[in-house]
Amino acid sequence: MARIHKTVTGDGFLAKQPTNKTLLDIHRRMVRIRHFEERAGKLMEDGKIPGALHLYVGQEAVAAGVMVHLTAEDQITSTHRGHGHLIAKGGDFDRMYAELFGRSTGYCKGKGGSMHISNMDLGMLGANGIVGGGPPIAMGAAFANKFRKSKHVAVAFFGDGASNEGSFHEAANMASLYKLPAIFVCENNGYGEYTAQANHQAVVDVADRAAGYGMPGVIVDGMDAVAVYEAAGEAIARARKGQGPTLLECKTYRFYDHVGVRGMGLNYRTDDEVKKWMKRDPIKLFEARLAEQKVLSKKQAEAVHAEVLAEIEAAVAFAEQSPMPDVASLLDDVYSTAG
Amino acid sequence: MSAVASETKTRQLPYVVAITEGVREVLKEQANAFVAGEDVAGAGSVYGYYRGLLDEFGADRIYDTPISEKGIIGLGVGAAAAGLRPVLDIMFMDFIGECMDEIANQMAKMRFMFGGSATLPITVLTMAGAGANLAAQHSQSLEAWLAHLPGLKVVMPATPYDAKGLIIAAARDDNPVFVVLNKMSLAMMGDVPEGPYEVPIGKANVVRTGKNYTIVTLGRMLGQALDAAKQLAELGIDAEVIDARSVQPFDTEAVIKSVEKTHRAMVVHEAVRFGGFGAEIAAQIQEHAFDYLDAPVARVGAPFSPVPFSPALEKVYVPNAERIVVVAREQLGI
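Protein chains in written order, with our numbering: chain A, 1 to 339; chain B, 340 to 673.
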């Protein structure tokens, strides 16, 4: 099969431009992710949130641009950097912060935490502590959609690092073989944990790997929400029509460290590189575009930020006031006792 | 044994056909069930136990997969999370190494990690067992690997009756259940009722009652233990033989009840003895019945080596009735 491989620029050549309502929806999802993560990072550094957080700051355009096409019946699998995916899928701040705080009111009753945050009702089949854990599960969900003859799709989010795991390759092969309604969204942020892409894979474009599985590979500017929206829209439409999976590579960057916030002064990447990418902050780029198109003024954008920040304050308070899980619940849900 | 309606006909069938009948009942009674694995559809599996099911149920219910064990288990986990009831086939149990992340970190833990919101009704059939000269990578009994993982259930049918009944019970269970089959049992004949029936998971089967010795067996070792019991009877040992049937959950109660009566116990499994599931059973016995014991619990299992190829070596590697008798005599000083 010929290599299908194109670069999407967000100029609208693939699909019709999103409506203003959709643009505002994408914007709000991105802002929600950004502020949730900023606050979560601070809470972790202050020692209020236990354990490790992998923050999604910098990559918001990917989650928002993809998820705006999906309903709760469409499934996704996420990564250890998964808060953004759940927020974009409709996650509730109260229950998300509660989970990060390890409280019984969290989405996972405090059993999962950041790396396993999930909500089955929203079709969010889990963040995943295992790099490459998600793609086979998304492939299985896509299989269920096809088995039921539904039009729902399953999206696997994963990174450039995960694209070296055998699990990704097995999932990609089977999804293509069975023509499953799956979309493999690679968030190439240039690093597998602390190792630069050039030091962990010989290809520059993960999308090249699509050719090996007989599916289209598309490269998109992952800092451009409209570009992601267009490319994801095409891949999802293709999947819904029964034409099989697509590998969509979004070139993006995480502003903060692999774990936690501290993004500068580490040896594995230069401060100049981080600053260069921060100049292409996906939210700032998108807001400039929305202002230019007179979809959202600067003042209106500020109001969105303020609303989200207020919601976050309330959610953090909810989480902090929520009870810890009862010790007696430790052994609950190891097994289903039904059936 | 589970009650079977009186009009139900019972036939003598080989273990391999009992497997087929179990899977057939599952596909008949559960519209959301499907089979996926290597060579399962067109070929009916390398051992033939899915033969005929493709014609009977069609290509929407039974799928040949690539040789991709991560993909097979991942397919099952995702499909189950989305509401289906997958029956997966891992051709040889040795191959679970290829998909241990999907088993140990995804399948076993998803429900717990998600606070109980995910339900994974997955059945995995897999073939264990040494004795067929298939060497180190096609002969292992790795049930202890799985039994160590909270979230999984593991059963080991020793007879044709149990093979069918445990497959049906596994598929009706809302948890991931591994059905560990044994390739050396495929030709074994036994009574198998027509139609659906369940062998309950987590309940041991007292196959032979006895007064003064307890032998607990896993899987195919049941037959060896029954042979050994006959030989021990000539030495004045009246052995009770308990087929665990299920290693996770394990029926500790049944074993303790027996040991309280017999005061002496042995555990027999085909897997490597060191760190095998028998060590757990022995520990359970001493925790719960120490005061009843007249002798240390004996263990019979494979030596601490990979399964050898040469028939001359494999013959001494796999535990059998003779070894059970030798170990019992040492243990009891007779």
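Hints are computed from structural coordinates only; laboratory data are not their basis.
We treat Cβ as the ideally placed atom computed from N, Cα and C, and that holds for glycine.
Careful: at least some of the hints might be erroneous.
Claimed, not checked - Only pairs whose alpha carbons sit at most 20 Å apart, straight line, appear in this in silico EDC-like list of lysine to aspartate or glutamate:
(1) A:Lys241 x B:Asp399
(2) A:Lys151 x B:Glu661
(3) A:Lys179 x B:Glu599
(4) A:Lys179 x B:Glu437
(5) A:Lys179 x B:Asp399
(6) A:Lys42 x A:Glu292
(7) A:Lys298 x A:Asp25
(8) A:Lys149 x B:Glu377
As the list claims (entries may be wrong) - Covered stretches of chain A (chain B as the covering partner; in silico rule of three or more C-beta atoms under 8 Å from a C-beta of chain B):
(9) 124-131
(10) 167-173
(11) 199-210
Checked hints:
{"no.": "1", "hint": "A:Lys241 x B:Asp399", "verdict": "holds (19 Å)"}
{"no.": "2", "hint": "A:Lys151 x B:Glu661", "verdict": "violated (61 Å)"}
{"no.": "3", "hint": "A:Lys179 x B:Glu599", "verdict": "violated (59 Å)"}
{"no.": "4", "hint": "A:Lys179 x B:Glu437", "verdict": "violated (24 Å)"}
{"no.": "5", "hint": "A:Lys179 x B:Asp399", "verdict": "holds (13 Å)"}
{"no.": "6", "hint": "A:Lys42 x A:Glu292", "verdict": "violated (33 Å)"}
{"no.": "7", "hint": "A:Lys298 x A:Asp25", "verdict": "holds (16 Å)"}
{"no.": "8", "hint": "A:Lys149 x B:Glu377", "verdict": "violated (24 Å)"}
{"no.": "9", "hint": "124-131", "verdict": "holds (count 5)"}
{"no.": "10", "hint": "167-173", "verdict": "holds (count 4)"}
{"no.": "11", "hint": "199-210", "verdict": "violated (count 0)"}
The structure is inconsistent with the numbered hints 2, 3, 4, 6, 8 and 11, although it conforms to all the rest.
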